[in-house]
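Colleague: Sequence:
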Amino acid sequence: MLAGDVVYAGVEPSALFRSEDGGGTFELVRGLWDHEHRPHWTPGGGGQMIHTILPHPTDSRRITVAMSTGGVYRTEDGGKSWTASNRGISAGFLPDEEPEFGQCVHKVAMHPARPERFFLQNHGGVYRSDDDAKTWKSIAGGLPNDFGFAMVVHPTEPDTVYNFPLVADVLRFPPEGRCRVYRSEDAGETWTGLGNGLPDKGFYAGVLRDGMCVDARDGIYFGTRSGEVWAGPDGGDTWHQVAAHLPDVLCVRAQVV
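So that you can map any letter, position 52 of the sequence shown is 52 in this note's numbering, and since no number is skipped, the others follow by simple counting.
Worth double-checking, as some hints may not be accurate.
Here are the computed lysine to aspartate or glutamate pairs in the DMTMM-like style, where the Cα-Cα straight-line distance is at most 25 Å [claimed, not checked]: (1) Lys80 <-> Asp5; (2) Lys137 <-> Glu97; (3) Lys80 <-> Glu116; (4) Lys137 <-> Glu76; (5) Lys80 <-> Glu97; (6) Lys137 <-> Asp96; (7) Lys80 <-> Asp96; (8) Lys80 <-> Glu176; (9) Lys80 <-> Asp131; (10) Lys80 <-> Glu36; (11) Lys137 <-> Glu100; (12) Lys80 <-> Asp34; (13) Lys137 <-> Asp186; (14) Lys134 <-> Asp186; (15) Lys137 <-> Asp210; (16) Lys137 <-> Asp200; (17) Lys137 <-> Glu116.
Just so you know, these hints were derived from the structure itself, not from any lab.
In this text the structure is predicted, and so the values were computed from the model without any measurement.
The whole structure should be built from the sequences, with the hints applied where relevant.
Modeller: Here you go:
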């Protein structure tokens with residue numbers, strides 16, 4: 001993740017590195033590495049890694065990260081100290097279903113025009129925070145399921161977000177085998193399934209956390225674990241396939257040229 005000339009890299013097991021020379025050299029962010037919660041963080045099904053890094057667009061001291069498992073953590077002093085920010089996020093696989101930390105957060109998204117608002121896909125649960133990640137509320141109503149990995153914010157519309165719901169942690173494909181991207185244009189209050197041009201049956205592949213993205217205009221793209229890449233150039237109203245027969249698609253990025 002780039003923040004001006006500074007580059008952040010999240011690795012496994014739940015470590016954050018910072019470079020101030022464009023990635024030439026890196027230094028461990030010790031404030032997070034030495035956090036008192038570290039001994040209690042445990043690997044999720046995909047490992048124990050920091051997968052989401054969101055620097056504040058105007059204050060370089062403020063950074064939000066997310067990890068599986070551990071949850072959301074934030075710093076306001078450039079990484080010297082970190083605070084767990086998971087209030088309201090459930091962890092149904094733990095005895096305490098709303099712990100201070102330990103949630104298996106899959107992805108967090110933020111729009112630079114609204115840096116106090118975050119959208120989150122959890123291991124069971126879809127959430128929004130309107131108070132700089134201090135508290136979270138469920139926005140899963142209107143989605144067919146609340147498990148998944150991808151969460152993307154529209155490049156110019158902070159209230160528009162995209163999600164790709166899957167059945168469950170042990171059934172990682174869309175409900176009823178119908179390939180659908182879900183879009184909300186009111187910050188998650190309501191959702192619309194987008195499937196014009198996508199497979200309507202027999203689709204049993206998932207989309208990983210970095211497998212969906214938007215371009216600088218209105219295009220949205222996703223890749224699947226069955227090696228397909230799909231494009232929705234009009235915000236997802238219509239779709240067409242742009243690649244097939246690839247290995248697992250781990251990451252999709254698009255650039256307008």
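Colleague: Please list, smallest to largest, the hint numbers that this structure does not respect.
Modeller: 5, 7, 8, 16
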